[in-house]
Amino acid sequence: MSTEGLGNVVTQYFTCCEPPHELVLKSGEKLGPITVAYETYGQLNPDRSNAILICHALSGDAHAAGWHDGDKKPGWWDIMIGPGKAFDTNKYFVICSNVLGGCRGTTGPSSINPKTGEPYGLSFPVVTIDDMVHVQKHLLDHLQITRLLSIAGGSMGGLQAMKWCVEYPDMVQSAVVIATNYRHNAQQIALHEVGRQAIMSDPDWQQGNYYGKKVPKQGLALARMIGHITYMSEKSMDEKFGRKLIGKEKVGYDFSMDFEVQNYLRYRGDSFVERFDANSYLYITKAVDYFDLEEDAGSLAKALEHVSAKFLVISFTSDWLYPSHQLKTFVKALKANDHDVSNVIIESDYGHDAFLIETERQEHAIGHFLKRISKGVS
Amino acid sequence: MNDQNFELKKLASDSQAIFDLIEPRSKVLDLGCGDGELLYHLIQKKNCHASGIEIDEHSIYQCIEKGITVSHADINEELAHYPDKRFDYVILNESLQQVVNAERVITEALRIGKQIIVGVPNFCFLPARFQIFFGGSVPKTKCLPYEWYNTPNVRFFSLKDFRSFCKKKNIRIKNFIGIGNTKRVSIFPNLFAILGIFLLEG
Numbered sequence: 001m002s003t004e005g006l007g008n009v010v011t012q013y014f015t016c017c018e019p020p021h022e023l024v025l026k027s028g029e030k031l032g033p034i035t036v037a038y039e040t041y042g043q044l045n046p047d048r049s050n051a052i053l054i055c056h057a058l059s060g061d062a063h064a065a066g067w068h069d070g071d072k073k074p075g076w077w078d079i080m081i082g083p084g085k086a087f088d089t090n091k092y093f094v095i096c097s098n099v100l101g102g103c104r105g106t107t108g109p110s111s112i113n114p115k116t117g118e119p120y121g122l123s124f125p126v127v128t129i130d131d132m133v134h135v136q137k138h139l140l141d142h143l144q145i146t147r148l149l150s151i152a153g154g155s156m157g158g159l160q161a162m163k164w165c166v167e168y169p170d171m172v173q174s175a176v177v178i179a180t181n182y183r184h185n186a187q188q189i190a191l192h193e194v195g196r197q198a199i200m201s202d203p204d205w206q207q208g209n210y211y212g213k214k215v216p217k218q219g220l221a222l223a224r225m226i227g228h229i230t231y232m233s234e235k236s237m238d239e240k241f242g243r244k245l246i247g248k249e250k251v252g253y254d255f256s257m258d259f260e261v262q263n264y265l266r267y268r269g270d271s272f273v274e275r276f277d278a279n280s281y282l283y284i285t286k287a288v289d290y291f292d293l294e295e296d297a298g299s300l301a302k303a304l305e306h307v308s309a310k311f312l313v314i315s316f317t318s319d320w321l322y323p324s325h326q327l328k329t330f331v332k333a334l335k336a337n338d339h340d341v342s343n344v345i346i347e348s349d350y351g352h353d354a355f356l357i358e359t360e361r362q363e364h365a366i367g368h369f370l371k372r373i374s375k376g377v378s
Numbered sequence: 379m380n381d382q383n384f385e386l387k388k389l390a391s392d393s394q395a396i397f398d399l400i401e402p403r404s405k406v407l408d409l410g411c412g413d414g415e416l417l418y419h420l421i422q423k424k425n426c427h428a429s430g431i432e433i434d435e436h437s438i439y440q441c442i443e444k445g446i447t448v449s450h451a452d453i454n455e456e457l458a459h460y461p462d463k464r465f466d467y468v469i470l471n472e473s474l475q476q477v478v479n480a481e482r483v484i485t486e487a488l489r490i491g492k493q494i495i496v497g498v499p500n501f502c503f504l505p506a507r508f509q510i511f512f513g514g515s516v517p518k519t520k521c522l523p524y525e526w527y528n529t530p531n532v533r534f535f536s537l538k539d540f541r542s543f544c545k546k547k548n549i550r551i552k553n554f555i556g557i558g559n560t561k562r563v564s565i566f567p568n569l570f571a572i573l574g575i576f577l578l579e580g
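Protein chains in written order, with this note's numbering: chain A, 1 to 378; chain B, 379 to 580.
Isolated chain A (complex conformation):
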């Protein structure tokens, strides 16, 4: 496959839901105007039938592939999106937008509330995965795309992909869902809650009213550290760090930094603070926790009844945050409805992170799956 990437790309912006046409959220509250940050790669074909929407995970953004000026590394899924790659931009028109509630260009709690001229903070309404999907629908309307060749996402991105298939069955021809769950379960909610508590117990958080002041660095970094533990497996962590010491020959018998894994977590936490807003972390984790396809419809099989998308479902053997048996249940419910579903459980030691690391087998499966889907179209 081609090693050449997309080169330089730019983030674009689009605003919708201007009052009085605000977006009615799942909670019943209204929100508008909403600005959406998005990027596109490749060319939309004349009959507008080659569009693929990529949905990002918890800490992702619209910059899925290619390079921005000054980037040290390319977009978060560059390895999969580009000429000759799984999401082949020579064939497909690929779109990725930042989610509602985010802090990377799309309206979220750090955005300025036009009514007050101040950042929303906690006055930003609580949003859900459904609301994120509705905003993405506005973006597709704006781009005049009425049918998606495919929608793809891992982790939180997978939730959006599932919701799309259920909410707009006629618009989605296929879906690639990776390392995710059809409902956020108690353990998944609990892990998020610890992260939120870390942020909210930071004195600098100030009930979310910290903009222009000292940000709750400690809390957000701690939340991210917890997150990172859940993204790795026992084995991958031990292989990467073992009991290696950091900058010393012997342990210190104190509470200073002894082990390399401590240093790694701290580095991950600190670098996250540079690019992410603590309130967005609260809102987005809450949106994920509210996700339950089953509850919305009464049963999972019922929720999937009218779906018309063909599915490729990918999970990883060592992912304990989103264990593969959860997606197995999802696959079974699709089969019970006689839907077309392929799935693969990739043998990997990388835990949940495998979604971004085990690219070779994913690229192969996704590339060939999309080939089959796009053949059915033309």
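One or more of the hints may lead you astray.
As the list claims (entries may be wrong) - Taking lysine-lysine pairs in the BS3-like style, the calculated list, with each CA pair at most 30 angstroms apart, reads:
| hint | chain 1 | residue 1 | chain 2 | residue 2 |
| --- | --- | --- | --- | --- |
| 1 | B | 492 | A | 302 |
| 2 | B | 518 | B | 423 |
| 3 | B | 546 | B | 492 |
| 4 | B | 492 | A | 328 |
| 5 | A | 91 | B | 546 |
To be verified - A short list of chain A residues far from chain B (calculated; beta carbon distances all over 10 angstroms):
| hint | residue |
| --- | --- |
| 6 | 21 |
| 7 | 40 |
| 8 | 44 |
| 9 | 105 |
| 10 | 118 |
| 11 | 217 |
| 12 | 228 |
| 13 | 254 |
| 14 | 261 |
| 15 | 296 |
| 16 | 333 |
| 17 | 341 |
| 18 | 346 |
Hints listed in this document are in silico derivations from the structure and should not be mistaken for laboratory results.
Backbone N, C-alpha and C define an ideal beta-carbon position, used for all residues, glycine too.
Since chain A is already given, all that's left is putting chain B on it; use the hints.
Chain B in isolation, oriented as in the chain A frame:
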């Protein structure tokens, strides 16, 4: 999607026999579909709506590459959620001897398929009998190539045993093809066939 990306390989004699039994444009599920070659033939040459279940990860990629819908799962636990009589044919070729609860899998296959096609290796193939009787060793044949300590097979039975099972369970044998080492066998298959293909109806 009838344009071919892959060369259609010549099917093995057992797969060819199964292929011959299946009516065009049927809905087919292959339990233990391997690299998907039989399904690919059914899709390309008989316009079947064919999908598979396979436990080996590498084989899954080979199926997806051919454009086949395939599920990475264990057939012991994967059949319960399919609705009744969803498929025209359910295929169990040379997978039954590796299944823990063979009776349940056959019952489930008959529930979800209007007909099922079962391929069973014949443990009582004549040379196998010689190996036991004169050689005093557990037999090895083309279909049973393993040593006792590394075989994935958990069940050893003959074509006759399988016929008795069908009789006992009121399963109708609609058709049978005996496969020999070089050609099909119609006389005394329990002696001369290394493998038997049964077309069954519940």
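Q.
Name the hints, by number, that the structure is in violation of.
A. 2, 5, 16, 17, 18
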